[in-house]
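> Sequence:
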Amino acid sequence: MSSLKFGTSGLRGLVSDLQGQPARRWAAAFLTHLERIDESGDRTVLIGQDLRSSSPAIARDCADAAVALGWTAIDCGALPTPALALAAIRRGAAAIMVTGSHIPDDRNGLKFYRRDGEITKEDEVAIRKAHDEPAAAPVPGVLNVGRDDTPIGSYCERYTSFFPDDALGGLRLAVYQQSSVARDCLADTLEKLGAEVSRLGRSDRFVPIDTEAHHPRDLALFAQWAADGTYDAIISTDGDADRPLVTDDKGAVVRGDLLALLAAAYLGCGSIVTPVTSSAAVERSGIAANLIRTRVGSPFVIEGMQELQRRGHDDILGFEANGGVLLGTAVTMNGQLLEALPTRDAFLPVLAALAYAKRKGMSLREAVDRLGGGVAKADRLPDVQAQDSGPFLERLSTDRAYAEAFFQGIGDVASFDKVDGVRFVLGDGSVIHFRASGNAPELRCYVEAESPVRADELLAFGLASARDAMDAA
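The end of the sequence shown is residue 473 by the UniProt record's numbering, with every number in the run present.
No lab work stands behind these hints, which were simulated from the structure alone.
One thing to keep in mind: the hints can contain errors.
Restraint-style ranges between C-beta atoms, simulated for each label pair [unchecked claim]: (1) A223 x E394: 38 to 44 Å; (2) P216 x Q385: 20 to 26 Å; (3) G153 x D456: 40 to 46 Å; (4) D228 x E307: 46 to 52 Å.
The beta-carbon is built from N, C-alpha and C at its ideal position, and this holds for glycine as well.
All chains should be built: construct the whole structure from the sequences, respecting the hints.
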């Protein structure tokens, strides 16, 4: 049985199940779907990739599939996912990004973009249907694969032309380069906006960076680099640069949702869409005049942004708990226009949050603390299959006696919801939220509390108790 499946953002699975004919068939299914709904445009597809070892071969597979269907494939090389999406939207072309985001190097994936942005959940259903049909006969013709290296530069110029030249002037920043596809352009962009930048931790091998469940290796590096007080912040991203990873001057990680809230404040975006996994600071901060909470996944955030547009709002910003920001409507500031980019982006929250703190004369940590976010933490249980997590979550959400017994000793259940997974509010106002990952075989646990000690207690309890419950089933 293949490991490939659609998750919260795109198709992912083991490289052994994706590379070669499977990648060609999925790419062909996507393009066939676009033809059927009359969204093929000029039958051009842009193809990008991250820095995983398998990505170049899978990108070639996708190009081969496009050419076999009579499409023109444009190889955009290694670049951030939002850079590819921006190029596709501006050109009115389809796009395929080869990336597994934050998952290990033995896995990879495909993200699909229509001419107007990310595919929807309805598109996913139609793509699966096209994939299950017999493969179409190749279209005879000349191999038609072009090359375009300009999208990454255009993406960076989007921000260097919008933000003031000295937006980050005086800041001393470290960029944790690892194997992020944005490792060079991110550092260059920060420098062009006035920051003094040190480039650290570059890796020739792929390093999976999860911006929510932080690896002890990375936390140790942050503490080491921040120890002498040289840097105002340490900046990084996940593999395809659609999620930021930022620390304060002490090396403590700044939660992605709080980073995104600072970005919203800087941009003047008061109409906000974010999943239920983002912290209560979204409400407490007062930044959101209009708010929609959704399930986890950019397609759901995009649906929420479209709903706000239908209501007539023109200051729309979406984000996920991981900090990836989707700009739903254009923003004008100081006579400069920042066009909408409704796909997850790591650069915008980094630049806008740092610029906001500098404009206010605060450190990044001071700006974050004023949001009143309390303490939120998250971690995961790896290697948890859906057949194990599903029954556990179902019983926890439907059997009140079971839920009360489960939480005995940690707190009384005050309320819960099932928007995405099952989220419990305890009697002291703290939160424990379980959900199965849409991208990998794992169970995620999110907690919120008033103090770090209580948050650590809840997270340790949640992970251990969930594992015990599933093992006992």
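> Against which earlier hints does the structure fall short, listed by number upward?
none
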